[in-house]
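Following the hints, put chains B and C in place on chain A, whose structure we already have.
Protein chains in written order, with the working numbering: chain A, 1 to 133; chain B, 1 to 133; chain C, 1 to 133.
Note that these hints are calculated values from the structure, not bench results.
There may be inaccurate statements among the hints.
Identical copies carry no separate label here, and so any pair may be met within one copy or between two of them.
[Claimed, not checked] Here are the simulated DSS-like cross-link-like pairs (lysine-lysine), alpha carbons at most 27 Å apart as the crow flies: (1) Lys105 with Lys29; (2) Lys43 with Lys105; (3) Lys43 with Lys29.
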Amino acid sequence: MAVTEIIDVRTTTRAETIDITSLVRAAVKRSGIDDGIAVVFCKHTTAGLTIQENNDPAVKAALIAHLAQAVPHGAGAVSAATNADAHVKSSLIGASLALVVEAGKPVLGTWQAIYFCEFDGPRNRQLLVKVVG
Amino acid sequence: MAVTEIIDVRTTTRAETIDITSLVRAAVKRSGIDDGIAVVFCKHTTAGLTIQENNDPAVKAALIAHLAQAVPHGAGAVSAATNADAHVKSSLIGASLALVVEAGKPVLGTWQAIYFCEFDGPRNRQLLVKVVG
Amino acid sequence: MAVTEIIDVRTTTRAETIDITSLVRAAVKRSGIDDGIAVVFCKHTTAGLTIQENNDPAVKAALIAHLAQAVPHGAGAVSAATNADAHVKSSLIGASLALVVEAGKPVLGTWQAIYFCEFDGPRNRQLLVKVVG
Numbered sequence: 001m002a003v004t005e006i007i008d009v010r011t012t013t014r015a016e017t018i019d020i021t022s023l024v025r026a027a028v029k030r031s032g033i034d035d036g037i038a039v040v041f042c043k044h045t046t047a048g049l050t051i052q053e054n055n056d057p058a059v060k061a062a063l064i065a066h067l068a069q070a071v072p073h074g075a076g077a078v079s080a081a082t083n084a085d086a087h088v089k090s091s092l093i094g095a096s097l098a099l100v101v102e103a104g105k106p107v108l109g110t111w112q113a114i115y116f117c118e119f120d121g122p123r124n125r126q127l128l129v130k131v132v133g
Numbered sequence: 001m002a003v004t005e006i007i008d009v010r011t012t013t014r015a016e017t018i019d020i021t022s023l024v025r026a027a028v029k030r031s032g033i034d035d036g037i038a039v040v041f042c043k044h045t046t047a048g049l050t051i052q053e054n055n056d057p058a059v060k061a062a063l064i065a066h067l068a069q070a071v072p073h074g075a076g077a078v079s080a081a082t083n084a085d086a087h088v089k090s091s092l093i094g095a096s097l098a099l100v101v102e103a104g105k106p107v108l109g110t111w112q113a114i115y116f117c118e119f120d121g122p123r124n125r126q127l128l129v130k131v132v133g
Numbered sequence: 001m002a003v004t005e006i007i008d009v010r011t012t013t014r015a016e017t018i019d020i021t022s023l024v025r026a027a028v029k030r031s032g033i034d035d036g037i038a039v040v041f042c043k044h045t046t047a048g049l050t051i052q053e054n055n056d057p058a059v060k061a062a063l064i065a066h067l068a069q070a071v072p073h074g075a076g077a078v079s080a081a082t083n084a085d086a087h088v089k090s091s092l093i094g095a096s097l098a099l100v101v102e103a104g105k106p107v108l109g110t111w112q113a114i115y116f117c118e119f120d121g122p123r124n125r126q127l128l129v130k131v132v133g
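One chain only, chain A, in its complex shape (with noise of 0.2 Å):
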């Protein structure tokens, strides 16, 4: 029935934001329910997911910039975990995205992108995607 579907991501810096659009696509595709929602769900404490921008690079790295301004690494309120702005950053942002799915696709506006939002990388990491028709 609803198969999870799993996509690996490496990511190669301590922040960024890498467009998994294509990936999560085709995981919705392989899930082989044309109508309905789909869940990303990020596993992961120091990472999220968000939708932005799928054309200017200034945007993405406006919001790497504003996290690390807003929840320094490693500065006052947050310092007593080593990784904690990370942690923040990650809850601030969200780790699941809830999304509509029609004709096998998540629908998505012109502009928009699915991002996996690195907060503590490089690492591995892994999100699931599942579909409900």
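Frame of chain A, contents of chains B and C only:
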């Protein structure tokens, strides 16, 4: 089966929250599914969706004011794109909501309303509502 | 069919995170659905839900401390309502979580737990869990 409903929203200022509860309720009812899960999805990367208080206008103002202060328009780290602040706010608030549906209605707490959050208006915006049972 | 399960939570301080993983697991089991998607929904606008680390208490403390610093209680832009900070924190963290369900259980990473986030306690709170397969 699981039809996708469309909600059109017209915003009138750069940053505002618009109560879309009655529009979402009508969309869920049109879906014909009495019991299940609904996803409300925003097709834009400079806007978002949140659940907030339905009564005190000071709460809506506080959310917009906090975000304006935390992610200033055109300042510092987020100046690379002129509306980069709106993109960052969109990722902080989120582009989709997952709701519980019972008796043909999205279940909300006594004080909850569903808000569309505009961060780069005024614009015409489109939301999707999908229900599975 | 898709029954809605209720979880009651009693908080004891103004701002805290409470591990509700076992409560969500029990609710998913009670639903009788082995495979699908679960939504955990918070019926309050001064609280939220997040997924965070299940081990190091410093991480929970860092999240509360960051939010206290970023959205001060009773200060500046958010002073219009006395608990406006709690409302803003609720929108930043979010009121619902979408989870993947397999073999009758919500799937979590090794280090993940599900937390209820109280921002204006102590109070009695109610959460909903809905599973569709």
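Verification of the hints:
1. For the homomeric pair Lys105 and Lys29, the shortest alpha-carbon distances inside one copy (7 Å) and between copies (24 Å) are both at most 27 Å.
2. Taking identical chains as interchangeable, the C-alpha atoms of Lys43 and Lys105 lie at most 27 Å apart whether they share a chain (23 Å) or sit on different chains (14 Å).
3. Taking CA atoms no more than 27 Å apart as the test, Lys43 paired with Lys29 passes in both settings, with 21 Å inside one copy and 20 Å between copies.
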